[in-house]
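Asker: One-letter residues, chain by chain:
Protein chains: 2
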Amino acid sequence: MTHPKTGKALGEFGRIDRYFKPLASGFPGARGLADDAAVFGVPPDRELVVTTDAMVAGVHFFPDDSPGDIAAKLLRTNLSDLAAMGAAPYAYTLVTALPKSVGEDWLAGFAAGLGEDQARFGIALAGGDSVSTAGPITLSVTAFGLVPKGGAVPRWGGRPGDRVFVTGTVGDAALGLQIAFGKLEVADDSARAALLRRLRRPDPRTTLGPRLVGLATACLDVSDGLIADLGHLCEESGCAAAVESGRVPLSCAARAVIGTDPARFALALTGGDDYELLFTAPEDAAPALAGLSAETGVPVTAIGRLVDGPAGNVTATDPQGRALDLPTRGWDHF
Amino acid sequence: MTHPKTGKALGEFGRIDRYFKPLASGFPGARGLADDAAVFGVPPDRELVVTTDAMVAGVHFFPDDSPGDIAAKLLRTNLSDLAAMGAAPYAYTLVTALPKSVGEDWLAGFAAGLGEDQARFGIALAGGDSVSTAGPITLSVTAFGLVPKGGAVPRWGGRPGDRVFVTGTVGDAALGLQIAFGKLEVADDSARAALLRRLRRPDPRTTLGPRLVGLATACLDVSDGLIADLGHLCEESGCAAAVESGRVPLSCAARAVIGTDPARFALALTGGDDYELLFTAPEDAAPALAGLSAETGVPVTAIGRLVDGPAGNVTATDPQGRALDLPTRGWDHF
Chain A
4 MTHPKTGKAL
14 GEFGRIDRYF
24 KPLASGFPGA
34 RGLADDAAVF
44 GVPPDRELVV
54 TTDAMVAGVH
64 FFPDDSPGDI
74 AAKLLRTNLS
84 DLAAMGAAPY
94 AYTLVTALPK
104 SVGEDWLAGF
114 AAGLGEDQAR
124 FGIALAGGDS
134 VSTAGPITLS
144 VTAFGLVPKG
154 GAVPRWGGRP
164 GDRVFVTGTV
174 GDAALGLQIA
184 FGKLEVADDS
194 ARAALLRRLR
204 RPDPRTTLGP
214 RLVGLATACL
224 DVSDGLIADL
234 GHLCEESGCA
244 AAVESGRVPL
254 SCAARAVIGT
264 DPARFALALT
274 GGDDYELLFT
284 APEDAAPALA
294 GLSAETGVPV
304 TAIGRLVDGP
314 AGNVTATDPQ
324 GRALDLPTRG
334 WDHF
Chain B
4 MTHPKTGKAL
14 GEFGRIDRYF
24 KPLASGFPGA
34 RGLADDAAVF
44 GVPPDRELVV
54 TTDAMVAGVH
64 FFPDDSPGDI
74 AAKLLRTNLS
84 DLAAMGAAPY
94 AYTLVTALPK
104 SVGEDWLAGF
114 AAGLGEDQAR
124 FGIALAGGDS
134 VSTAGPITLS
144 VTAFGLVPKG
154 GAVPRWGGRP
164 GDRVFVTGTV
174 GDAALGLQIA
184 FGKLEVADDS
194 ARAALLRRLR
204 RPDPRTTLGP
214 RLVGLATACL
224 DVSDGLIADL
234 GHLCEESGCA
244 AAVESGRVPL
254 SCAARAVIGT
264 DPARFALALT
274 GGDDYELLFT
284 APEDAAPALA
294 GLSAETGVPV
304 TAIGRLVDGP
314 AGNVTATDPQ
324 GRALDLPTRG
334 WDHF
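Chains as they are written, first to last, in the working numbering: chain A, 4 to 337; chain B, 4 to 337.
Among the clues, some could well be false.
[To be verified] Some chain A residues flagged as far from chain B (calculated, every beta-carbon gap over 10 Å):
#	residue
1	R21
2	P47
3	P163
4	R200
5	V310
6	G312
7	P313
8	N316
9	D321
10	P322
11	G324
[Claimed, not checked] DSS-like cross-link-like pairs, simulated, lysine-lysine; straight-line CA separation at most 27 Å:
#	chain 1	residue 1	chain 2	residue 2
12	A	K24	B	K152
13	A	K103	B	K103
14	B	K24	A	K152
15	B	K152	A	K152
16	B	K24	B	K103
17	A	K103	A	K24
If you're looking for bench data, these hints aren't it; they were derived computationally from the structure. The model shown is predicted, which means the values in this text are computed figures rather than measured ones. For each residue, glycine too, the CB sits at the ideal point set by N, CA and C.
When you get a sec, could you build the whole thing from the sequences and use the hints?
Answerer: The following block contains the structure:
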């Protein structure tokens with residue numbers, strides 16, 4: 004029983020009033036979600052950064068994940084893309100395509116999750132569309148950020164000799180996904196919870212990202228996996244990279260689960276969904292980066308170098324300097 | 004066989020290269036779809052207008068509609084929202100969630116349809132996301148337009164005494180939908196084709212819309228139906244409206260099909276999917292509007308007035324001045 008143009012279920016206008024209008028109240032450009040579109044300006048010394056990420060139940064998240072977790076992941080993966088460009092969060096639009104089976108409880112939890120993250124990351128809802136679907140829950144966010152004019156950090160600015168840095172720790176989400184699949188048993192409850200939390204609630208580096216403008220030569224966020232994404236950065240930059248795998252930062256939980264298992268270590272390097280920033284900077288940027296890391300509380304670790312070589316080629320060595328044989332992509336099939 | 008984060012089918016990167024990168028080549032801010040996000044500025048004397056519309060197969064279009072028609076409708080419904088704000092088209096982002104059954108032919112037709120409309124309306128692809136789904140084809144566009152600072156035409160600026168205007172003709176798409184459903188037989192091939200074309204390829208008023216800045220007091224595009232959308236405008240403007248139904252512009256095809264059938268006439272007034280601009284302006288704007296209409300080639304017809312009364316209340320009279328009893332919404336269920 005839907006509207007042929009809008010696909011809105013009966014009562015959809017009521018749902019928008021109840022759950023989404025409050026999320027837009029902090030952003031005048033949203034015009035109270037009462038107009039045909041949002042309207043906002045961009046300061047003359049800034050550019051707008053625009054990114055879009057979509058998620059489908061059964062592909063990007065488990066249908067029975069909590070709606071608050073789903074909301075957080077949806078928003079945070081987009082914020083991570085903004086951070087990777089050096090942009091500060093500004094606003095976002097939301098598209099929901101929901102099956103009829105989705106009830107008020109789910110929607111209330113989803114909106115609450117968005118609201119919490121809006122406050123956390125200083126961003127507001129600017130507009131969107133709500134439609135119905137006979138298929139799985141399908142969500143997308145288009146996020147807007149602001150960056151100094153000409154300052155957006157590209158993927159393609161890396162140069163041989165630059166050092167390669169990564170924020171936080173990698174591998175947690177990939178190990179968490181194995182736990183969620185039931186393929187990995189972790190006896191330690193707190194390690195198990197920590198890895199699952201990284202899978203469900205990535206921590207976009209929105210404070211550090213904008214500080215990389217003028218400092219990093221190239222940047223992206225790790226979604227496909229550390230090695231694959233470094234390959235993307237290298238491909239766009241026209242060079243190769245050498246990673247010292249012993250320097251790759253791992254969380255205590257990941258360390259405990261990996262132990263001395265080389266397959267698990269390889270998964271951490273290639274598994275994806277980390278949403279950490281992977282960036283390159285000249286040697287002499289290291290002290291400034293150390294200062295930034297201390298100031299923002301975001302760990303920054305040097306893990307290798309860009310080198311001359313075939314564009315996109317990434318080699319990794321173990322602590323003894325021996326070549327590691329890694330799969331290009333570490334991902335599993337949902 | 005998809006990537007757990009991106010949900011991309013194997014070969015999805017190849018599909019993006021092949022079908023979507025060419026659509027982004029006209030817009031430097033798209034960064035060749037090779038970065039994490041698009042980056043563009045907004046001139047200091049302009050504001051950005053942002054709108055999002057989603058479409059789901061089986062809800063907003065027939066699964067076997069041609070991919071070119073689907074592309075056109077997706078883009079045009081968004082452009083119509085921009086026009087309703089007085090904004091000129093600038094760029095758009097695209098999210099596609101496609102089932103595995105969608106092959107290269109469909110994608111090629113879809114991209115060709117987007118390309119044709121990009122050229123027609125002067126807009127380019129700025130970015131997007133492509134994911135896979137186990138459900139129906141799900142598409143959304145976020146469209147960006149530019150409007151003079153402070154000039155966006157709201158829904159809520161109408162005042163009692165303003166005249167109500169509509170562009171083009173209304174009712175064609177609603178009649179076309181009945182034909183598509185097999186509920187309406189139209190013997191005349193050219194009338195039949197004309198009505199179906201209006202359903203599948205709405206004609207967003209992108210040239211007239213931006214000219215309404217400073218002239219119209221309120222504006223929206225007719226998607227829910229002329230009467231319902233006038234109700235929305237009135238509700239936001241805090242007044243009522245009186246429509247002289249005999250003045251509502253109908254196409255020759257619609258006129259022929261409606262004949263003297265009051266139910267069909269009611270459908271034309273309430274059926275929706277017209278994507279014409281419905282706006283209000285003071286009495287003394289009529290000559291300027293006539294000039295604009297002549298200049299742009301877009302018919303503009305006065306169909307009634309805003310009046311004092313309960314907010315959102317719309318009454319319609321027949322040519323003899325008798326009250327017409329219309330359903331609030333004329334839509335049928337897909």
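Asker: Now tell me, hint by hint, if it's right for this structure.
Answerer: Hint check results:
1. R21: holds, 17 Å
2. P47: P47/A is in fact no farther than 10 Å from some Cβ atom of chain B, at 4 Å.
3. P163: It holds; P163/A is separated from chain B by about 20 Å at its closest Cβ, greater than 10 Å.
4. R200: holds, 17 Å
5. V310: holds, 21 Å
6. G312: Nearest chain B Cβ is 20 Å from G312/A, so the label holds.
7. P313: holds, 18 Å
8. N316: holds, 17 Å
9. D321: Consistent with the label, D321/A stays out of reach of chain B, its closest Cβ about 26 Å off (over 10 Å).
10. P322: At roughly 29 Å from the nearest Cβ of chain B, P322/A sits farther out than 10 Å, so the non-interface label holds.
11. G324: About 32 Å separates G324/A from the closest Cβ of chain B, which puts it past 10 Å; holds.
12. K24/A x K152/B: holds, 24 Å
13. K103/A x K103/B: Roughly 23 Å between the alpha carbons, so the hint for K103/A and K103/B holds.
14. K24/B x K152/A: Answer holds: K24/B to K152/A is near 24 Å, not above 27 Å.
15. K152/B x K152/A: Measuring from Cα to Cα gives roughly 20 Å; hence the hint holds.
16. K24/B x K103/B: holds, 21 Å
17. K103/A x K24/A: Holds, because 21 Å separates the two Cα atoms, which is no more than 27 Å.
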